[in-house]
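So the protein sequences, as listed, match chains U and F.
Mapping to our numbering: the first sequence position 335 is 342, numbers consecutive.
Mapping to our numbering: the second sequence position 194 is 201, numbers consecutive.
Careful: at least some of the hints might be erroneous.
Treat identical chains as interchangeable: a pair holds within one or across any two.
[What the hints assert, rightly or not] With a cut-off of at most 25 angstroms between alpha-carbon atoms, the simulated SDA-like pairs for lysine to any residue come out as follows:
id : residue 1 : residue 2
1  : K259      : A109
2  : K294      : E82
3  : K289      : Q52
4  : K23       : E66
5  : K294      : G110
6  : K47       : G347
7  : K47       : K259
8  : K289      : E224
9  : K20       : E385
10 : K42       : E83
11 : K289      : D113
12 : K147      : P78
13 : K128      : F64
14 : K294      : A255
15 : K294      : I84
16 : K48       : R380
17 : K128      : E331
18 : K289      : L79
19 : K259      : R392
20 : K128      : E66
21 : K289      : G80
22 : K147      : G110
23 : K259      : D10
24 : K47       : T290
25 : K289      : Y112
Since the hints were derived computationally from the structure, they do not count as laboratory data.
There are 2 protein chains.
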Amino acid sequence: MSDVYVIGVGMTKFGKFLEGSVKALAAEAVGAVLKDAGVKKNDIQAAYVSNSFWGMFSEQHSIRGQVLLHPLGFEEIPIINTENACAGASTALHLAWTAVKAGLYDCVLALGVEKISHQDKMLSFRSYATCLDVEEFPQKIGQMMEELSKLELEIPEESQPGQGRSIFMDLYAMGARWHMARYGSTQRQLAAIAAKNHEHGCLNPYAQIRIKMTLEEVLNDRPVAYPFTRAMCSPVGDGAAAAIICSADYLKHLKEARPVRIAASVLGTGRARDLDGEHIGKTVAAKAYQSASVGPEDIDLAELHDATAFGELLQSEVMGFCPEGEGGLLAESGATRLGGRIPINTSGGLECRGHPIGASGLAQVYEVVTQLRGEAGERQVEGARWALTENGGGFLGVEEAVAAVHIFARQ
Amino acid sequence: MSDVYVIGVGMTKFGKFLEGSVKALAAEAVGAVLKDAGVKKNDIQAAYVSNSFWGMFSEQHSIRGQVLLHPLGFEEIPIINTENACAGASTALHLAWTAVKAGLYDCVLALGVEKISHQDKMLSFRSYATCLDVEEFPQKIGQMMEELSKLELEIPEESQPGQGRSIFMDLYAMGARWHMARYGSTQRQLAAIAAKNHEHGCLNPYAQIRIKMTLEEVLNDRPVAYPFTRAMCSPVGDGAAAAIICSADYLKHLKEARPVRIAASVLGTGRARDLDGEHIGKTVAAKAYQSASVGPEDIDLAELHDATAFGELLQSEVMGFCPEGEGGLLAESGATRLGGRIPINTSGGLECRGHPIGASGLAQVYEVVTQLRGEAGERQVEGARWALTENGGGFLGVEEAVAAVHIFARQ
Chain U
8 MSDVYVIGVG MTKFGKFLEG SVKALAAEAV GAVLKDAGVK KNDIQAAYVS NSFWGMFSEQ
68 HSIRGQVLLH PLGFEEIPII NTENACAGAS TALHLAWTAV KAGLYDCVLA LGVEKISHQD
128 KMLSFRSYAT CLDVEEFPQK IGQMMEELSK LELEIPEESQ PGQGRSIFMD LYAMGARWHM
188 ARYGSTQRQL AAIAAKNHEH GCLNPYAQIR IKMTLEEVLN DRPVAYPFTR AMCSPVGDGA
248 AAAIICSADY LKHLKEARPV RIAASVLGTG RARDLDGEHI GKTVAAKAYQ SASVGPEDID
308 LAELHDATAF GELLQSEVMG FCPEGEGGLL AESGATRLGG RIPINTSGGL ECRGHPIGAS
368 GLAQVYEVVT QLRGEAGERQ VEGARWALTE NGGGFLGVEE AVAAVHIFAR Q
Chain F
8 MSDVYVIGVG MTKFGKFLEG SVKALAAEAV GAVLKDAGVK KNDIQAAYVS NSFWGMFSEQ
68 HSIRGQVLLH PLGFEEIPII NTENACAGAS TALHLAWTAV KAGLYDCVLA LGVEKISHQD
128 KMLSFRSYAT CLDVEEFPQK IGQMMEELSK LELEIPEESQ PGQGRSIFMD LYAMGARWHM
188 ARYGSTQRQL AAIAAKNHEH GCLNPYAQIR IKMTLEEVLN DRPVAYPFTR AMCSPVGDGA
248 AAAIICSADY LKHLKEARPV RIAASVLGTG RARDLDGEHI GKTVAAKAYQ SASVGPEDID
308 LAELHDATAF GELLQSEVMG FCPEGEGGLL AESGATRLGG RIPINTSGGL ECRGHPIGAS
368 GLAQVYEVVT QLRGEAGERQ VEGARWALTE NGGGFLGVEE AVAAVHIFAR Q
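Extracted from the complex, chain U is given alone in its bound form (with noise of 0.2 angstroms):
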């Protein structure tokens, strides 16, 4: 089967854009991503657009592709909507690949955008609850704050889950709660990639937080859901992000393009099994290496999902950047800064880059393209060759819904 590559990437900056319209948002990264690619709105024969709450916030609950894409000009090519949660633009992009491999089509169009920023702003957190079983939900988080409370911590008062925040701040504080007490990870290392994250923002244009923070300021920074303080947190945000994908005979026919190949694309939904078992994503992972040939020692650098610091914590486990139970240490030796052995999250992650929901895995691979085409100025990360995108979405109880891993290599 013939080789997929990335051949242009766009993105908005990311933001909270009250005033902004999803419509507007597609319409920027369209047109980055095409003029990225050098090739014009003609040339895209099908695209696949992910957006998980504009049903939520307008009662745009179907054709969302369609409303988009049709007034920028494509009006006669097949239009998929797709929503995976926070892993909605990973989907997208999965499904991309795929009719490409199948040999549907020769270059297509993956888009992700979200608009979640509200006046309203329990609108807002409420739509993050969205991404769980809705009828199950309140009495599955009744058993896990059981479980949780047979594992010894202290913990300092704190308000009730979901109140003023994303319930998942409160579901990403337990596995952080749950990794302290099994492998001695502490507040601190958290706040090591917390301000690593602010650092790396710093040099994003992109990035929705670009403020440089200390460890000590962001442990001093307003408490969320212990461990976490806010800057620990992914904010609330809005954006989009878009790459345009094609066949090797394509890409034969383009004269100054700056390929990146996909290497693997590989999609799992299911369980952590239990909090002591093994993460889907490990397995998920696991295909990825052998689909593209690589191992995690391959891997120049890597945007993980870090919803939550501890996110990015627990993924460069299960990504095999480090040993099981090491995730903290590792940030804290400093080999996921710029310069170090595994750079994580260049982009300054969702943490600092924004996490608009659907647009989310694109902005990743926005960010790993530049990179490994070298065009990621202050930020770059010298001589990357491989590089792996992971973007989660969903939690059903303590399960992750959606684990999407995607490897990249220079051409």
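Chain F: place on chain U using the hints.
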């Protein structure tokens, strides 16, 4: 590239199940399709799930497929959520077919499920309008009304568009009036289609409406939007339908399979250009015929998207079963009845089998697979070798947002 097969179909009865749940509907269809295919849930390697409105009725905006399939024991497979208005289930099938074609998986599930009936009937009606551009629609319908006023048709006085019914009925009514003005089609021809579909529906145990109606009874039914009476319109309804898709290699290992080959799977999105222009469905059908190496004259039966009787009239022309403008004459001639030259909607169609938006496309597949296997009992089309399904979704002004055509071959 190797062939792809349907090895199982399953569906619930369609109907208004006010007390039913999306989860229960999905569970029933999945149970049925596994039994029909003779495979176990652990044989399924990925799932493609279509739903449009769950978010509207109970805020399950995200990871719907995971929420549905996880409790059924699908715990570690990739699940792709897709949405494409009334053509969502055909889109799920198309994605399943694409993935098997690409060699990613050998055996996958396509599932469509929708629950629309609700105690608040206006909420049900409003849900359909979310298959349009919610923001731009009010303005566009004004333009369309203006164009239609030029047609010089005598139209009985009626209620305002969208009051007490789906806005789609008004859109289809406009199309029908245009067809009447241009080609001399008659309300009586539309009634002939509806009467035929009521007859077919009586033979289908899964049909929502199983009441025989004569042509005169159809004409005298409650007016909805001229030229439609209630009997010419698909009802509000709920249901689920599923198919299991596999590769040629996988099929070799099944001892008692009753496979049907997917000879073509083509999706298009785009304009009908203008009221006088060529319908996007024509382009999509031409690609499908080419891909399957057959022509409309080879097709033994078809399921067409008769959200109203006019849908069937128009699509019988667009699919090439009769010359342009003669869809009404074709129906009147009896050619589209069971026993006729080209039986259409032997299931009862959307009008009588029912039309739970995100499930309908796979209910069409259920019908044609049952027919091609020779298992359709009283409504069997004798000797059927080739079947076609046409499933449309959403409107952007006068333009169709999704046109999906599949062609199936008896093995």
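Tested hints:
1. K259 to A109: both (18 angstroms within a copy, 21 angstroms between copies)
2. K294 to E82: So K294 and E82 pass the 25 angstroms test across copies only (17 angstroms; inside, 37 angstroms).
3. K289 to Q52: Classified as between; 17 angstroms across copies, 34 angstroms inside a copy.
4. K23 to E66: The answer is both: 20 angstroms in one copy and 23 angstroms across copies each meet 25 angstroms.
5. K294 to G110: both (22 angstroms within a copy, 15 angstroms between copies)
6. K47 to G347: neither (39 angstroms within a copy, 48 angstroms between copies)
7. K47 to K259: within (16 angstroms within a copy, 44 angstroms between copies)
8. K289 to E224: Intra 33 angstroms, inter 63 angstroms, cutoff 25 angstroms: neither.
9. K20 to E385: within (17 angstroms within a copy, 61 angstroms between copies)
10. K42 to E83: This pair counts as within: shortest intra-copy Cα distance 21 angstroms, inter-copy 39 angstroms.
11. K289 to D113: between (32 angstroms within a copy, 22 angstroms between copies)
12. K147 to P78: Answer is between: at 13 angstroms across copies they meet the 25 angstroms cutoff, but 43 angstroms inside does not.
13. K128 to F64: both (12 angstroms within a copy, 21 angstroms between copies)
14. K294 to A255: Classified as both: same-chain Cα gap 23 angstroms, cross-chain 23 angstroms, threshold 25 angstroms.
15. K294 to I84: The answer is between: 13 angstroms across copies meets 25 angstroms, while 32 angstroms in one copy does not.
16. K48 to R380: Classified as within: same-chain Cα gap 23 angstroms, cross-chain 43 angstroms, threshold 25 angstroms.
17. K128 to E331: Answer is neither: 37 angstroms inside a copy and 54 angstroms across each miss the 25 angstroms cutoff.
18. K289 to L79: between (40 angstroms within a copy, 23 angstroms between copies)
19. K259 to R392: within (21 angstroms within a copy, 41 angstroms between copies)
20. K128 to E66: both (18 angstroms within a copy, 17 angstroms between copies)
21. K289 to G80: between (41 angstroms within a copy, 20 angstroms between copies)
22. K147 to G110: For K147 and G110, neither the intra-copy (43 angstroms) nor the inter-copy (37 angstroms) Cα distance is at most 25 angstroms.
23. K259 to D10: Answer is within: at 12 angstroms inside a copy they meet the 25 angstroms cutoff, but 28 angstroms across does not.
24. K47 to T290: Answer is between: at 22 angstroms across copies they meet the 25 angstroms cutoff, but 38 angstroms inside does not.
25. K289 to Y112: Classified as between: cross-chain Cα gap 20 angstroms, same-chain 31 angstroms, threshold 25 angstroms.
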